[in-house]
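Student: Listed here are the chains, written in short residue letters.
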Amino acid sequence: MTAEALVRTGADAAFDPGAEAARATAAILHDTLHGTERGVVVDSPPGAGKSTLVVRAALELAEAGRPLMVVAQTNAQVDDLVLRLAEKNPELPVGRLHSSDADPYDKALDGLPGVRKSAKAADLAGLAVVVSTAAKWAHVKVDEPWRHAIVDEAYQMRSDALLAVAGLFERALFVGDPGQLDPFSVVGGEQWAGLSYDPSASAVTTLLAHNPRLPQHRLPVSWRLPASAAPLVSDAFYPFTPFRSGTGPGDRRLTFAVPSDGSGPDRVIDEAAASGWGLLELPARRTPRTDPEAVRAVAAVVRRLLDREGAARSERSPDASPLTPARIAVGTAHRDQAAAVRAALAALGVTGVTVDTANRLQGREYDVTVVLHPLSGRPDATAFHLETGRLCVLASRHRHACVVVCREGVDDLLDAYPSTEPVQLGTTVKFPDGWEANHAVLAHLTQHRVPWRP
Amino acid sequence: MSLISTLARLEAVRTGRAQPATTVRHRHLSDRPLVLVPLVTAGEIGAPLGALVGTDRDAPRLLAVPQPRDRDLRFAFLAELADAVLPHIDACAEVVEAAERTEADPETGKRVKVEVELCADAAQVIVPSRAGVDLIRLLGRSTRFRRTAEQDPEAPFPAPPRVPLLGRWLTHYGERARVPGSSLLLAMTDLLGRHWATGQSTLEDQHLGALLAWIDPPEGASGAEAALRAELARDAEGQLLCPPAGPATDPAFDNHLLGPAIERYDRARTALAAAEDGLEADERYGAVSAAEREIRALVLSRTRPTWDAVWHGLDLLRRLPAGAHVADRWTRDRWSFTGHRDRIVSGEPPQPRRDDAVTAANKLATREREQARLEAQEALDDPLVMAGRRLAGEAFAGEVTDVVMAYGEGRRPSPRPLVTVRTDDRPQLAERGKVYRSLGGKPQAAEFVEEAGEGLLVLRIVDKMGRGREPEPGSVPEKGDLVCFTLFEHEQRGGAKLPDPEATPWTHGGPPGETAAVPEAPDPLTEEDVL
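Just so you know, the sequences run in chain order A and B. When we follow full-length UniProt numbering, the leftmost residue of the first sequence carries the number 1, and every step to the right adds one. When we follow full-length UniProt numbering, the leftmost residue of the second sequence carries the number 1, and every step to the right adds one.
Here chain B stands alone, though its shape is the one from the complex:
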C-alpha cells in the first residue's frame, strides 16, 4: 500500500468518512451498464441459486433455481441468463463504425492499413464484488464447451441453444477483466475502492455494504458505525439486515430460510410425481408453484439490497468527471469486444481450456504493458494520484527558476537547454536519470544533471524541441512556469513480436500438437453429473 493511501485511510478513520483517492473517475462507465447480481448455493460454487440482472435499475429481471442441484433447472437458469445477457451484447455488436487497423498484408508481408469495423459501444457488465467476477469465469468455463442438440444430435444432455455462446462471452469478459484498466467487466467493490479510501482494511472493503457505508454514511452516523452495522446487524429472526453481496449467501439464511424452503419444494415435487390422476396433479402442481414462488421471493430479498447498492455506487461514481485517458482505454475495450464478436461470427471454436505457450506469454505481456500504461495515465489525469507518486519519490513538481540555453555536441548542434526546477518533493533521481513531462499530451524527456542546492534540480531537456537550432516556441519551459516531471515513462513501447504458436520453439515444448487444432471435447459426464 502506498504512503498516500495509508495516510488517506488514517484520515478516513479520524473523520469517520471515506476520503477521495482520486479527483476524476478512472474507469469508463457505460450509460446503460448491465448489472448482474448472482447468488450461488453454499458448498457448491458452480450451482447458481439465482440472480438479478438487467439494465434498468427499477426493473431487474429475477432468475431463481428452486433446486440448485437439479441439472435441468440449472440449464434452465443458464438459458434464461443467456436470454437476459446476449440480447444486450448483440445490440452493441450490431452498431459499428468504420475504423482503420494496420495489418500485415498476406501477400507482401508489408504493414498496410485496412478498413475494419469497430463496435460503436461495447456492452459493460457490472457485478457487485470480485467473487462475482470469478463466478463469471467459472460459468464461462462450465458452459462454453457444452454442445447443443443442433451441434451434436447425439449429445445425451444437450445444452439449451444459446448457453455455449453465453459461456464464450462470459469467458471473454472474465479474461478481459484481468487486463489492468479495462472496463468491460467491473466489480463494484474494486471500482469504489479505487476512488475512495476507507478507514478499514482492503479485505473489509470487499464487503460492498460496508464500503458504501464508509463512502456515503447515513445521516448522523460515522462510517465506522455504519460499516459495522452493514457487516453484523441482524433482525429479530437472526437474518443480516444487509445481506452479503454474494455470490455466497449468509449461513443463517441458508439454514433457517433457504434450506427449509428448498425442502418444501422437493416434497411438493415428489408429491406431484406421485400424483395418481389429473385432478390430484393439478392440485399438487399448485403446491410446487407456491414453493417455487417462495424461493423466488427469498432470492429476491437477498439480491435486491445488493442490486440497489450497486446502483447507488454507480450514482456516486457518476458524480466524478471521467479522466482524460478513460475514453482511450475504453476504445481498447471496444476493440477487444469487436475482436471477440468477429471470432464468433467467423466460426472459431470456443477459447481453449488452457492457453498455449505463445498465447500465455502474449497475454502476460499485454497485461504488463496495460498496467504500466494505466499507472502513468492515472497519474497524468489526476493531480491527487500524481501527488501519491510525488510522495513516493516517483515524480516532482515545482517552479522553473532558471533556464540556460545550451547545445549538444555533434555535427549539427541541437538545443539542450538546462532548466532549474525548485521543488519541495524528494524524487529518487539517479545520476543522468531520465524524467518526463507532458507537453501538449506528448511526453518530453529530460535528463537529471545535478542538484544545485537544497531542492534545486537541474535538468537537461533532450527532445520535442523541433529540428532547428533554436527550440520551437513553447517547447522549453520558461522561468516562473510550474512544471511536473515524472520518473516513469508516459507511453509504453510495444513489446517484441513472439513467434506464432505453430513455431513454438523446442525450449517450450515445440508447436502444440495436432490435437490442439481440433476443438476440445467437453468434460466427460460422470455419475455425479447426473444425480
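Next comes chain A alone, as it looks inside the complex:
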C-alpha cells in the first residue's frame, strides 16, 4: 500500500492538507534546485496549486541566479503567469516574449514596471525570467542554452512541440495534469503509435519513455475542488494516484436569497448547493448535437443561478461573496454547442458567463459550473465523447457546485458502446478508460438526480 493510500484510509483525522502540500512542494523544489537529473516531473490534479508551484519555483530559480525560461501552451496562460510573477515580486525583471501579431498580449502587462515585452528573444536577453508559448519558443535560436526551464501544462503539450524547444534549455521542471485532455492531431498519426517519440503523444510520455529515471512528484491536495467533489474526481479519474480536497465538508457553502419556485432548474440548483452535485435529467430522446431543449435547460439553470442571488462562503474569507456571472461557467463538448448556449443565454439577457468547450476550460476555475453532458441525446458513444480527459475537465472546474444537464438513458448508451479503440502495440494504456470513468461519474450523479420535463 502506498503512503498516500495509508493516509486516505488510516489517519483521516490526522490528515493536514496544508502540511502535506507543503511537504510535496518542498521535495519538488529541492529536486529542481539541487537535483542531479536533467528533468523533474510533477503531476498535479485539478486545482492543486500548479500555478502557485510554477510561480514559486520560478522565483526561487531566479533568486538562485539561474536564467530561466518558462514554456506555457497558450498566450492566456503566459499572461496569467507573468501577472502572478509580478504580483509576487514586482521588482523581478520578467520578459514576455510574444508574437508579432496585433494585440499579442494582455494589456494589463503594460502597467507592470518589471515586465519587458518584445517579439524578439534578443531584446529580452539577460532578464531573470522569460516567459512565452511553446509555439513562439520554437522560433527562438540561441547559442547558449538557458540553464533552466519550466514547462507548464506539459501533459497538454505535444511531443513534437517539446522536440522543437528542448534544445533551448539544459534542465527542466515539467508540470501538468495527467487527467486532462490529451493533445491531439487533426491528421492520423497511427504510423508512429508505439514509438517512444510518437509526435502526437504528450510531451511527458515521450520524456519519460526516454528518461525513465527522472524524479516524479505529485501534488496531493486539491484546493479548488470542494470536499463533495474531490473523492469522486479522484476515484473516477485518478484511481491510482488519489488526492484529497484541501477543505472539509463544512468549509464551503452556497446559499440563495430567493427561495426555490419548485421548477426543475431551481430544484437542481438546491440539490447542487446542498450536495455539490446536481443532475438535471431531461426525458430520453435522440437529438442533434445542439439539442434545443437541453440548451434551453442549461440557459435556464444559469438564469436562475443569477436571479436567486447566490452567495458563496469559503475558507478564503469569512464574508460571503455574491455569485456573479464571472464566477459561473458553462462547459460543453463541442464548439457549436457552446455557440448555441451563448445564443440561448443572450436571449435570456445573461451576459458575462463563460461558455466554452472542455478544451478551452482547461486550467480555469469557477464557483459554479453548468455542464451539458457530452453523451446527452447521442445515438452512439464515440472515442471523442468517451475521452476521459473531457469529462474530467468538465467535472473539475468548480469550487462549490456542478450542475450536469443530460438526457435520460446515457447509462444504457454506455452499455451499448463499450470502448472499441484499436490497441496499439507499444503504447502505454491509460487508466481509467473513458467508458469506466463515465460510468463512475454517472453512478454518482444519479444520486443527485432531478428529473424534469421542460
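In short, the hints are calculated from the structure, not lab data. Bear in mind that the values here come from a model prediction, so they are computed numbers and not experimental data. Where is the CB? At the ideal position from N, CA and C, for every residue including glycine. Keep in mind that the hints are not guaranteed to be accurate.
[To be verified] Looking from chain B toward chain A, a few residues come up when the C-beta cut is under 8 Å (computed):
1. 180
2. 360
3. 371
4. 496
5. 498
6. 501
Position chain B against the provided structure of chain A, taking the given hints into account.
Tutor: What follows is chain B alone, placed relative to chain A:
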C-alpha cells in the same frame, strides 16, 4: 460527418441517386494515370495473386502468380510489376523544367535562391480502394530492403534487379498518399466519395461497385437497388456478378474456382518434376502451361470489371472542371516526386523502417499544414464546399449594407473602415474574432466588431488597403457588394524549424545512434520464408 454531407446523403436516399458534394474536381487527374488493380491471396496479405496494370484502358497488362506461396513466382511477379511501373515513372522523371528554390547557402548560411530541376509531370498511380493503397505500402516495405545479386553477390535469394527500386518508389507513393490533398497515389473510392454523397454509409462507400451504382445507376434502376445488386448479386454458379475491388477476393471465388485451379497447377508441376524423359516432360509442360493459363484467365475475370470501374470513375471525375488550387497542390506533388528521384539518383539508402523523432515530427507538421490548406482551398474553390462551411458556422456570405470610413489610432492613422454585412448565415463569431475574405486571391483580414441587429454584422477591415491614408481603390467592399468571409485562415504559416536529426535533444532520446547511419539490413530469413 458535417451537417451538409448528412443532408446530401438524405437527399441521395430520397432521390435514389448520389448527390454532388462539390461543383469542381478537387484532385489532380493526370492525362495518363497508371491504373493498378491488385489482388492478393486470401489469408496471406503479402502474397500477390495478380494484377492488372497500365495506362491504356483498352490494353491492361495482366500479371498473375499461379502459386502465390512460391517465393520465386512472387519475385517474378514483382519483377514484372517493376517492369510495368518503373518505365512510366522514369519517363516522367526524365522531363524536367527549371525552377527556383530557396536554400540555405552552405557557406554563409543565408537563404539564397538556387536553380534546380523540377519534373514537368509526375507519374500518377490510381488504385481502386483504400486497401489498395495499404497494399502498395506493404509491397514497398517488403521489397525496398531486398538486395539484388549485383548489390550483394552473397545474398542467398537475390531479388531481381529492379525490385528494390520499385519498393522505394512504392514506399514513397504510400507515404505521400498520407499527405492531405496529394494526388500522386489515389484510391478511386476516396476520389468518388469526395465528390459525391451517396445514400449509404461511408463504410459501404468503400465498395467501388456500390459507390458507382449510386453515382451512375443503370437506366431505370435506383442507386440503392443497383448498389445492392453490385454488393450481393451472384450468378448461377454462386459467383459475385461484381467482384470486389480487391485486393481481397470473394471467398466463393477462392473456394470454388481459384483453389481447385491452383491445385491443378500444383499437380501439373509435381508431375513435370517427376517426368523421366524429355518427351514426357514436354507433354507435362503443356499441362503446366494450361493450368497457368487457366489461373491467368481467372485473375483477369476478377480484375477486369474493377479495371473498367476505375476508368468509369475517371470518366465521371473528368467531367468536373478542376478547382483553382488543384494545379498548385499538384506542383507540390511534383516537388515531392522530384525530391525522391534526386534521392535515388544521389545514391541515398532506402527509406528507413521507422522514422526518427525529427522526421516523424516534420511529417506530422507537414500533414497538419496540408490538411488546413486543403480545407481552406477547397472551400475557396467551390461554393458548394463553402456552403457546408457556412452551414457549420465557419463562414458567412451576405450583402454589404453600409461602409463607414474610420481610422486606426497611432501616429500615422491607417484606414480601418467599418463594413456592415447583412447575412442569413449564423457564424460562430467570437468577440474581436478574425475573419478573412479573398481579395484577388489574397486573404484580407477583418475583425468582428458587433452584431448591430438581427443578421447585421459589423466588421473592421484591417489590412490589404495599401500604405496611404486612403485605402487603395477596390480594396474596401462597397455598399451592395456580395461578400463571403471565413472564420478560418486561407493560408498556412510555415511551422518552426525543428532541429536536425543529429541534434535530437535528450528529451527525445538524443541523436539516433551510429547504427542509423548505415543502411538497415533486410529482415533475416526464417524457415517460413523458404517453403
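Student: None of the hints should be skipped; say for each whether it holds.
Tutor: Now the hints, each set against the structure:
no., hint, in the structure
1, 180, "holds (6 Å)"
2, 360, "holds (5 Å)"
3, 371, "holds (5 Å)"
4, 496, "holds (3 Å)"
5, 498, "holds (5 Å)"
6, 501, "violated (11 Å)"
Comparing the model with each numbered hint stated earlier shows that hint 6 is the single one that does not hold.
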